[in-house]
Each structure stands twice: as structure tokens, then as C-alpha cells.
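Enquirer: This is what each chain is made of:
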Amino acid sequence: GENVEQHPSTLSVQEGDSAVIKCTYSDSASNYFPWYKQELGKRPQLIIDIRSNVGEKKDQRIAVTLNKTAKHFSLHITETQPEDSAVYFCAASTAGNTPLVFGKGTRLSVIA
Amino acid sequence: DAGVTQSPTHLIKTRGQHVTLRCSPISGHKSVSWYQQVLGQGPQFIFQYYEKEERGRGNFPDRFSARQFPNYSSELNVNALLLGDSALYLCASSKAGQGLGQPQHFGDGTRLSIL
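Taken in sequence, the protein lines are chains A and B.
The first sequence runs 1 to 112 under my numbering.
The second sequence runs 1 to 115 under my numbering.
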């Protein structure tokens, strides 16, 4: 089955700097890659997603890139703010009724 | 529009008991999935239901069961509770089945503690 690896497990950045979180997946059939942000005690919130027919997607300060050949995708957050501090999860799924498989998460701390 | 709602928010049970968790999807969403999130880990898939039929099951024992009702709400049942069942149980809804790569939106979860 699908396996998703996520790095780093923790990340600290200064306010205003960029943050990058990387994920790799094992199943070449995976074609949908969402990213979730989970603040302490709250629900995972979908922040951006990308499908395999697209190499990059951007939404304001957040962007996701996908390299299908290498089977990895990354989340980029620019001009980080303290409210970006949270745990971020990547996930992958394939067509044909397979579930989301999540990475173990990255705890991002933005230091003011 | 209301998001995914789950009840109860917190629950304390003892070993051997059973529990029923409830989920109401976003209006118009026909697919409901259940995930277990242990502290410090990503959510792990338990079940998916679409149009009242089970469409997927994760690697969980038969003590876990679920169903979806005609109004697309769902219940997750866990029997013979073990200490290891302590976790946050999340429900997610999407417009269609997961196979179509539909965004899934999560509820706030039910925090289950087993004593």
C-alpha cells in the first residue's frame, strides 16, 4: 500500500522567513495530494491541494510543488507569521477508492 | 453553511465498554470517512462510506464498525474498548468518493479516553 514520509518533523523559522516541508510517496498511482494544517486541539484544516496533472499550485503565501518522477511534493510558506505555527500534514491518495494516507506531520514554529 | 459536526466532543470510557460516535457531513456531501489520530501522529484511515455503502476499510480489528444513514450522517462503533483505543476520532466528508480525489473536510473530532 501507499506510504508517505514527511520531513522535517519539527521546523523553527523566524517571522518573515520561508518554510519548506517535504513529503515522498511510494505508490506511483497516487494522483491527489492535499496539505492540512492542525492547530492544537483543533480539526485538520485543508489549506491547499494538488492533482497529478499539475506541477505547481499557489494560493497567496502558500504553494505546493509536485514532482511525479521523483514521487515527492513540497509545501512552501513564504513571509511566515506567528499564526502559521501549527502541525502540518501531507497526504496522498490514488484513484479508485483508496483512502488518504497521511505523513506523520511537521510541527512548524514561527518565532516573532 | 455548517461544517462537519461530530458528537460527543469528549468521552471517557473504561476497558471492555462500547462506544458510538456520530458525524454529520457538510450539506451536499455524500461521502463520510472516519480516521483515528493518536497523539503526535497523522490520522489513520478506518472506514469510508459513500451512498450508504462501505467503500473502504483500514487495518483495524472487527471491533470497529460503522454505518451511514439515508441522510448521509454516520456512526462509528467500537466494541470491547482497549486502552490503545484512546485517540481523537475524526470524521471527514467529501462530495464524492475518495477515488475521485475530492477534498475532504474534517470535523473537530471526538476525543476518546479509555481508563
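Be careful, since some hints might not be right.
Derived Cβ-Cβ restraints for the label pairs, each shown as a range [as the list claims (entries may be wrong)]:
| id | chain 1 | residue 1 | chain 2 | residue 2 | range |
| --- | --- | --- | --- | --- | --- |
| 1 | B | S113 | A | N67 | 37 to 43 Å |
| 2 | A | A70 | B | L83 | 36 to 42 Å |
| 3 | B | P8 | A | Q45 | 18 to 24 Å |
| 4 | A | Q60 | B | H18 | 23 to 29 Å |
| 5 | B | T20 | A | L40 | 33 to 39 Å |
| 6 | A | R107 | B | L11 | 35 to 41 Å |
| 7 | B | R22 | A | T78 | 35 to 41 Å |
| 8 | B | H18 | A | R51 | 37 to 43 Å |
| 9 | A | A70 | B | R15 | 44 to 50 Å |
| 10 | B | R57 | A | L46 | 41 to 47 Å |
| 11 | A | L46 | B | Q41 | 16 to 22 Å |
| 12 | B | G16 | A | A112 | 45 to 51 Å |
| 13 | B | T20 | A | H7 | 25 to 31 Å |
Cut-off 25 Å, straight-line C-alpha distance, at most; resulting in silico cross-link-like pairs (BS3-like, lysine-lysine) [as the list claims (entries may be wrong)]:
| id | chain 1 | residue 1 | chain 2 | residue 2 |
| --- | --- | --- | --- | --- |
| 14 | A | K104 | A | K42 |
| 15 | A | K71 | A | K22 |
| 16 | B | K30 | A | K58 |
| 17 | B | K95 | A | K58 |
| 18 | A | K57 | B | K13 |
| 19 | A | K58 | B | K52 |
| 20 | A | K57 | B | K52 |
| 21 | A | K71 | A | K42 |
| 22 | B | K30 | B | K95 |
| 23 | A | K57 | A | K22 |
| 24 | A | K57 | A | K71 |
| 25 | A | K68 | A | K22 |
| 26 | B | K95 | B | K52 |
| 27 | A | K104 | A | K68 |
| 28 | A | K57 | A | K68 |
What the hints contain is simulated information worked out from the structure, not anything from laboratory work.
The C-beta atom is built at its ideal place from N, Cα and C for all residues, glycine as well.
Enquirer: Evaluate each hint against the coordinates.
Expert: Against the structure, the hints come out as follows:
As the Cβ distance of S113/B to N67/A is approximately 41 Å, the hint placing it in 37 to 43 Å holds. The supplied range of 36 to 42 Å is met by A70/A and L83/B, whose beta-carbon atoms lie about 41 Å from each other. Between P8/B and Q45/A, the C-beta spacing of about 21 Å keeps the proposed range 18 to 24 Å intact. For the hinted restraint 23 to 29 Å between Q60/A and H18/B, the CB-CB distance of approximately 45 Å leaves it violated.
Taking the beta carbon of each, T20/B and L40/A are about 27 Å apart, not inside 33 to 39 Å as hinted. For the hinted restraint 35 to 41 Å between R107/A and L11/B, the CB-CB distance of approximately 26 Å leaves it violated. At about 40 Å, the beta-carbon gap between R22/B and T78/A stays in the expected band of 35 to 41 Å. Under the hint 37 to 43 Å, the C-beta atoms of H18/B and R51/A, about 40 Å apart, fit the expected range.
Separation of A70/A from R15/B is about 46 Å and conforms to the stated range, judged on CB atoms against 44 to 50 Å. Checked against the hint of 41 to 47 Å, the C-beta distance between R57/B and L46/A comes to roughly 23 Å, which is inconsistent with it. Checked against the hint of 16 to 22 Å, the pair L46/A and Q41/B passes, with Cβ atoms roughly 19 Å apart. Distance hint check: the CB atoms of G16/B and A112/A are about 48 Å apart, consistent with the given range 45 to 51 Å.
Between T20/B and H7/A the C-beta distance comes to about 38 Å, which lies outside the given range of 25 to 31 Å. With a C-alpha separation of about 17 Å, the suggested pair K104/A and K42/A falls inside the 25 Å cut-off, and the hint holds. The suggested pairing of K71/A with K22/A holds, with an alpha-carbon distance near 11 Å, which does not exceed 25 Å. Straight-line distance between C-alpha atoms of K30/B and K58/A comes to about 28 Å, which puts the hinted pair past the 25 Å bound.
Restraint check for K95/B and K58/A: satisfied, since their Cα atoms lie roughly 23 Å apart, inside the 25 Å limit. For the hint linking K57/A to K13/B, the alpha-carbon distance of about 44 Å lies beyond 25 Å, and the restraint is violated. Taken as a hint, the K58/A and K52/B pair is broken in the structure, with Cα atoms around 35 Å apart against an allowance of 25 Å. With a C-alpha separation of about 34 Å, the suggested pair K57/A and K52/B falls outside the 25 Å cut-off, and the hint is violated.
With a C-alpha separation of about 30 Å, the suggested pair K71/A and K42/A falls outside the 25 Å cut-off, and the hint is violated. At most 25 Å may separate the alpha-carbon atoms for a hinted pair to count; K30/B and K95/B meet this at roughly 6 Å. Annotation: proposed proximity of K57/A to K22/A holds, straight-line Cα distance about 15 Å (limit 25 Å). Proposed proximity of K57/A and K71/A is supported: the alpha carbons are some 16 Å apart, at most 25 Å.
Between the alpha carbons of K68/A and K22/A the distance comes to roughly 14 Å, so the proposed pair stays at or under 25 Å and holds. With a CA separation close to 13 Å, the supplied pair K95/B and K52/B stays within the 25 Å bound. Of the supplied pair hints, the one linking K104/A and K68/A holds, its CA atoms being roughly 21 Å apart against a limit of 25 Å. Only pairs whose Cα atoms come within 25 Å are accepted, and K57/A paired with K68/A is accepted, the gap being roughly 14 Å.
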